[in-house]
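Visitor: Protein chains in written order, with the numbering used here: chain A, 9 to 235; chain B, 9 to 235; chain C, 9 to 235; chain D, 9 to 235.
The set of hints was computed from the structure by calculation and includes no laboratory data.
Nothing false has been slipped in among the hints.
Copies of one chain are not kept apart here, so a pair can be met inside one copy or by any two copies together.
Once the Cα atoms are required to be at most 25 Å apart in a straight line, the calculated BS3-like pairs of lysine-lysine come out as: (1) K134 / K123; (2) K201 / K123; (3) K95 / K126; (4) K138 / K126.
If you're wondering where the values come from, they're calculated on a predicted model, not measured in any experiment.
There are 4 protein chains.
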Amino acid sequence: MKTTLIALVIVPLLVLSFISLPAKKTIVFFGDSITEQGAKQGGYIKVLEKMLQDKGLDKSYDLIGAGISANKVYDLYLRMEDDVLAKSPDAVVIWIGVNDVWHKRTSGTGTDADKFVKFYNAIIKKLQAKNCTVYLCTPAAIGEKTDYTNELDGDLNKYAALIRNIAKANNCTLIDLRQLFLNYNLKNNPENKDRGILTTDGVHLNEKGNAAVADEMYRVLSQSFLK
Amino acid sequence: MKTTLIALVIVPLLVLSFISLPAKKTIVFFGDSITEQGAKQGGYIKVLEKMLQDKGLDKSYDLIGAGISANKVYDLYLRMEDDVLAKSPDAVVIWIGVNDVWHKRTSGTGTDADKFVKFYNAIIKKLQAKNCTVYLCTPAAIGEKTDYTNELDGDLNKYAALIRNIAKANNCTLIDLRQLFLNYNLKNNPENKDRGILTTDGVHLNEKGNAAVADEMYRVLSQSFLK
Amino acid sequence: MKTTLIALVIVPLLVLSFISLPAKKTIVFFGDSITEQGAKQGGYIKVLEKMLQDKGLDKSYDLIGAGISANKVYDLYLRMEDDVLAKSPDAVVIWIGVNDVWHKRTSGTGTDADKFVKFYNAIIKKLQAKNCTVYLCTPAAIGEKTDYTNELDGDLNKYAALIRNIAKANNCTLIDLRQLFLNYNLKNNPENKDRGILTTDGVHLNEKGNAAVADEMYRVLSQSFLK
Amino acid sequence: MKTTLIALVIVPLLVLSFISLPAKKTIVFFGDSITEQGAKQGGYIKVLEKMLQDKGLDKSYDLIGAGISANKVYDLYLRMEDDVLAKSPDAVVIWIGVNDVWHKRTSGTGTDADKFVKFYNAIIKKLQAKNCTVYLCTPAAIGEKTDYTNELDGDLNKYAALIRNIAKANNCTLIDLRQLFLNYNLKNNPENKDRGILTTDGVHLNEKGNAAVADEMYRVLSQSFLK
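Could you build all of it, start to finish, from the sequences and the hints given here?
Guide: Dropping the structure here:
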């Protein structure tokens, strides 16, 4: 009698539970202070979580912020085992580059272009070896002026171009935040301000910036990864 | 008898000579290594001299090169008495700015924007006090790529913008070489090369560069100064 | 009657007042943020004022702080008319150099050694032309470690050496704060700390630093200027 | 009969040959342009080879230069598999650090102190995992002045101190070239020249510099590795 119950009721339930509860997928957001703030109240990762909730997808995805202030590509390389691979992520969204450019000016320790490419490639190789889907973001802005007079625009554009090439070479999907921010500012920054449109200080996201980044990430991720 | 000769022959000759030989006007070209090279064989100042010759104006104008390699606005300020005012110039064409930006990267001794403006203004004031007509050039290029990925494009654009404002504020005519080079490259640099279009190395002029600069300077000077 | 009173009483008093009240002498302290802080509560200029009071000399000397944060030699040159010469000083104590070195690292806009010397000389010439007695201070410290491992020690020593030469060349008395700080730290900083001995942050003076600077300035000024 | 010959003559010869011909030991010299030049005619590695020859040790040791111009610790890390581990070295002499400091000034891409330590440690760990004996050199000089006025002395001393700590932490033998050069210059550079004592240009070795480095390396290696 008991055995029958188990056979008739519990086993099917168990089977069902396995069908209806697939393993959650983990997405790690790997970056610098922009991503560190993105994991806090109002940050772009929090906005993404809310978007997933609204779609009823929050049970299926775990979003993990792995941003540390002042990080360059070297730092990501050094801490990727502990902060990314240890989470067994299914996808990793890498957003790095601002400090690789900025630190040239502020501390003399920016990143050579050749080393930027080599260490970025090394990170991707290690992630892909673990079957992670890797997304690459271009650095959005250091200053929001639209006439290319932000002091570091040239170098930032150069590193954005490097990242576009790295994405191609490694078959990674690109999330082109640099292009997104430039386009948005061309429309919405008629006074050519250096901050206050999508950022608070030219670099870190304000509310509109967090929304714009979350929207773009959702758009790209939903084409390939989110279902 | 003698007196008659003087009256009849020499005096008219002297009068004629004053009519046919007005004082030559002096134009000093004041700048950095680009101008230093501009005064050499094939340089833009030599091309300008040839243009004046072709128009029969070479007797009327003295062109003096006063360019010294590695100069920034500070250097111009320090040597303007000896190298410019001592020549009693009627016009001065100032072309500075590349090293003010470049030295930030290569030696940590570039020029702060506020100091660039203040010393530039001080130079102009001193020249105008001597009744010089002052022309300001924007820095043409550090790299000839057209997609704003030359490493220092942002800062160079910023200093070009500063110079446009300085020109306005001091009623100086602008010779906008930055704009000229950008426009030329957009048409003639389809492969987005960083050198070899108007420059040999991204900064210093090749033959076409010297011709383009001489043409533009002639165009602007002839509107206001050359007759 | 009234006239007699004036003649007998007031006139002698007036004469006396001119005898007993020689014109106060003015000393301007010309520098950067260290001097800006030096003019505030507890700052080295305030300590010097107290020392003059204690010696009954405060009626004879006016101490004026003319320090502005982030200043380099260029800034002193640009504002010396307004901030120094306009005060008709009898003596000027110049303390500059930290930012000329530091800004090479933090913003790429430090001061070339040759320009440092030329602008410093130009400042001294203008002051001496007005019969000012000029005192030169060497920059005290960027970091207080005693084993020459403060990041900018080499360059700071180089600029201190430049200032010692400038003082000699212009017959200015030197106030060698760099040497003073090194000697003091060799005795009092056995743990090789980078701050907290004479400074709060490696650069700006703490209480002991303000006392040490005031003592040294008093010592040097009293040999030649204070009576 | 034939078998007897083999037994009596050839076998003992073979045995002898194994006794008298132990495997050669390989030492890789891993570094920047100083080491790249060290492997050329007159370079310190060539001097070391000559010293081994003179001692009759050249049959026992293979010296391999693995220096590449402009290398920083990052570059060593990136190319250590191909250029060092692929040679199966018994010992590796690492000499790096000059560009990690210098590039802060000349290109804004020097190495942060924390990254210098982390990547250096990572290199050592990988080498020690292959049973290599690892020797660490401190960077000798950027400028030979003895009064600590070489522009980058402070930072170079700081990185030399980092390397001394890295050696201790990883049980590596230190070859303290910084100390060697300072001591030598204090004795032999009375005029406080910035080059020409042990270097041609303040950084790269002249004949005396190559001899001094070879001597010191021989001294240290012979205490622990060479027999």
